[in-house]
Amino acid sequence: MVTFTLNGEERRFDGDPETPLLWVIRDFEKLTGTKYGCGVAQCGACTVHLDGMTRRSCVTPISMVEGSEVVTIEGIQGAEAEAVQKAWVAIDVPQCGYCQSGQIMSAVALLQTTPKPTDADIDGAMAGNICRCATYQRIRQAIHDAADTMEG
Amino acid sequence: MTIHQFAPSRRAFLAGAGLVIGVALAPRVFAATSSLNGVPADAQGQQYPFQAFVRIAPDDTVTVLAKHIEMGQGPYTGLATIVAEELDADWSQMRAAAAPADDDVYKNLAFGIQGTGGSTSIANSYEQLRKAGATARAMLVAAAAEEWGVPAAEITVSAGRISHAASGKTSGFGALAAKAATMTPPAEPVLKDPRDFVLIGKDRPKLDTVAKSTGKAIFTLDIHADDMLIATVAHPDRFGATVASVDDTAAKAVPGVVDVKVVPQGVAVYADNTFAALKGRAALKIDWDLSKAEQRSSEKIAEDYRSLFAKDGFKAADKGDVEAAFKGDGVTRIEADMLFPFLAHAPMEPLDAVLVRREDGSIDSYNGAQFPGQDKQAISEVLGVDQSQIRINMQLAGGSFGRRAQFGSPYMREAAEVFKASGMARPVKHMWTREDDIRGGFYRPLYVHRIRGAIDKAGEIVAWDHVIAGQSIMKKLELDESSVEGASDMPYAIPNLRVFGYNTEVGVPALWWRSVGHTHTGFAVETFLDELLQKAGKDAVEGRIALLKDQNRHLGVLKKVAEMADWGGPVPEGRQRGVAVHKSFNTYVAEIAEVSVDELGAPKVHKVWCAVDCGVALNPNVIKAQLEGGVGYGLGAILFDQVELGEGGKIIQSNFHDYRSLRINEMPHVEVAIIPSTEAPTGVGEPGVPPIGPAVANAWRQLTGAPVRRLPLVNIAVS
Amino acid sequence: MNKSNVLFAVPAALLLAGSLLLAPSLSGAADTSPTGPQEAAKEGGPVEGLKPVSAFDSIADEKQRSIAIFEETGKVLQHPRCVNCHPAGDRPLQTMAMTLHQPPVFRGPADFGLTGMTCNTCHGPANAEVVAQAEGLQSIPGDPNWHLAPIEMAWQGKTLGEICVQIKDVNRNGGKTLEEIVHHMGQDHLVGWGWNPGKGREKVPGTQEEFGKLYEAWAATGAHCPGE
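These protein sequence lines map, in sequence, to chains Z, F and S. The numbering of the first sequence is our numbering, which starts it at 1 and goes up by one. The numbering of the second sequence is our numbering, which starts it at 153 and goes up by one. The numbering of the third sequence is our numbering, which starts it at 872 and goes up by one.
Just chain Z, same shape as in the assembly (with noise of 0.2 Å):
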């Protein structure tokens, strides 16, 4: 039995204990804006914040989680969160979408720690978040952009 927190709530899982967080948020807790896309953490679609820092949730078994607070795309919080997200849709970052859910978990927990994070810190924390549409452009420029509104 794996006890963690999921956005905030206590969970219990007692499958396999080698199952990773992204199959037990998604088929067990049936939150889908966590997505598959590899499954060998070269994609980041399944970024999650695993006790507040990135975490890819393909490559983490359920073990691994025991008493962690694991927050999803659909549970995210706080200014950081709301600045990126409003970013987001106005400059119209998606086009498939499949991916955002990883590239917004990512692009957060760079702004909670690098409120004003220049071009080579945001190559360096999104580098492991693919998109194949290659909306990259736009995640860059709503990136500075949510950084600009925080600031105020």
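One should not assume that every hint holds.
[To be verified] Taking lysine-lysine and the PhoX-like style, the derived pairs with C-alpha atoms no more than 20 Å apart in a straight line are:
1) F/K701 / F/K690
2) F/K437 / S/K1070
3) F/K368 / Z/K86
No lab work stands behind these hints, which were simulated from the structure alone.
With the hints as your guide, set chains F and S onto chain Z.
Relative to chain Z, chains F and S alone:
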């Protein structure tokens, strides 16, 4: 335990964002306002139909039924914009939802069947949906006239309000919708003068952007049905291999695995959750029969293709006298062999489908369908259920790039076979892993080109002789235009031009890939032309302008991009620029790429300028997004990507670690300009792709002196 | 399979005669050659072991014996499994071909990656098996202390003699005494990962215990370095 023995149970459902298939089914409807709107599926019940494309609800919302799938290129928004314009609706009341599968009512006017592809969504719908909007408007006006007892000609409509100035009467659409739906539609609705457009031509975020920025957008993989099984299929690692024998003991012992069945495509594992299905699949022991498999390596296939050039191919172009021109006095000749690898589409959402059998025996399919009618037919054939008993519930697709547009729907056949083998007692979600996707075939085919060019003493390009060998995507026994498009119809005034195509047989399934033949012909023509111009001592832009003569739309984008980039002006040290111009899907695009050699000796693309002429610019925001994305998608492919068959035909690449995607740190800054135009709108999903490869390769040749003869660029090696 | 004392300098990428030669670094991160499912199963048979300390008893000269013992440990030190995280640059390497890490990650201020892409974004406290995905990527390595060696501890591109001097230099070894070095080599959990690298990865030779014993003997014989 088999599926039949498995007692269906109503498992507790935990509230979440997923679309849950239960009693009622809802299509996803995207609102112009900020949130995802759960308008019920059954439009007849609460909404009033205005012919096939427009539904108006009592609350004033207008839903456009999109005959095209939304996979990122923005057709939901574009189609809604066209209707809203002629309907004089307010943008905030507009919604879009997937139309049902119907190859007659919802056919793509460019294809003859319902389908999305070839950058046609807006182009083929423009007149049709303008008329649909104007028709609905006329019916609303007629209803108002009757209701108010005033002449229809005195009624105006603006921003969603119907008004009669003299009587002061005014109404929203919803209040009149029921009556309007019964009015006789006009035979020929009057369309607006484009100069009066209010919505068309303005930047507008897409209808689904909010849902896609909050994790609420639902894709096929997100669908849950009560008692649903997850199925994965073990596929062979060689094309054409079949199952000889399977030991499923260990697989069936995995907790959560419900059953294992052999299907024509491989071995299906059914489980209660995804991880069990994956774990079960990994535990299978399968012997594959390779007797019918393609066992040649990519290198051998390319070699076999080249040997075809000794024979006659299919004539695609033959102008002037090429042979004589090559024998001309003092001509300089250049030759090039080029190799283009197999390419996987690799959409972010791997292929997937949910199939459900209803109590009445009818079938619901939930999938991202570029050709829904084909999908319906495939399911019907596999399951032996009449097409009238099958509903295709078109879902948002997490990218596609051509992958979900297949004649005969081989993927849906696999999903249906898996469903059928399960006994169909429980809903089945069939999903591919990334490996299934990269190794799943239906690639941009491998092509080999051989080109000869001749420059006369005066420095004019006098002859171009071009042969292209590769699979016919359309499986034709004659010339396949899609293998030579972009080369045989090149816009340059070269007096002697010959292009021949060769169809090849290879056991690797082929498919169109974002921009189809232009993916390789655009590269071949634009890089080889660039070399010829350089050889002739001509500037890459000026030389092209001279050869484009009266090709005004090519000239328009080329001159514009040169102006944007200040072509001929100073370039930062260590960088070079390359240019390319190419028309595809009746859209004209020119790009200039600024490139350097990075610390690893690989190309680094810093900046791309892009000019596009796609006729009337319906939504400049979406057009620019598609060009930015087209550049990024094409750039990743030419830099990194190939699916290779190794020894014995074994597929080498398998996931994003060895089939690389462009990443944010590799994305150049893309500046897009749209040429103002009153021509009918043409597509923008694909045309941004073809010019980026040659633009980068041309810059690379300037940097290194080495022409690019083989893709991807990382493969260029010292011979 | 003899390894040269000089490690390959960075993933080779040379511009030669106007053409480009690239290591497979840009094309992928598979730990194995793309065709081989597992390194250990590749040609060459079982992984080479480490000689026991007693194998060096025949060397009469203590200094020479010390050097020979250190050279034996070089089989481990210069193994890609170790050097990949002691790179000369700001990006870790991966695979037996020592290609640049994909996805791209960088050293960062604490040798733990950059904000948003720290090591623990993917690497957990233990190796995590990847089920039913790419055969070239069967597990994600992990350790409670997973991080990059500081730049002053870079081994990539250095000779074994240079590495030896570096290991003894308190300014470049994290301020460790010789005794602490010996303990680190024989006991440290992250060092021990080399012998437990997760499914689909070739181990470093021998065992950590044997490795530690060699360091004890090296220290006891004066801790001499090759080339001294």
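The hints, checked one at a time:
1. At most 20 Å may separate the alpha-carbon atoms for a hinted pair to count; F/K701 and F/K690 meet this at roughly 16 Å.
2. Of the supplied pair hints, the one linking F/K437 and S/K1070 holds, its CA atoms being roughly 19 Å apart against a limit of 20 Å.
3. This hinted pair checks out: F/K368 and Z/K86 have alpha carbons roughly 15 Å apart, not beyond 20 Å.
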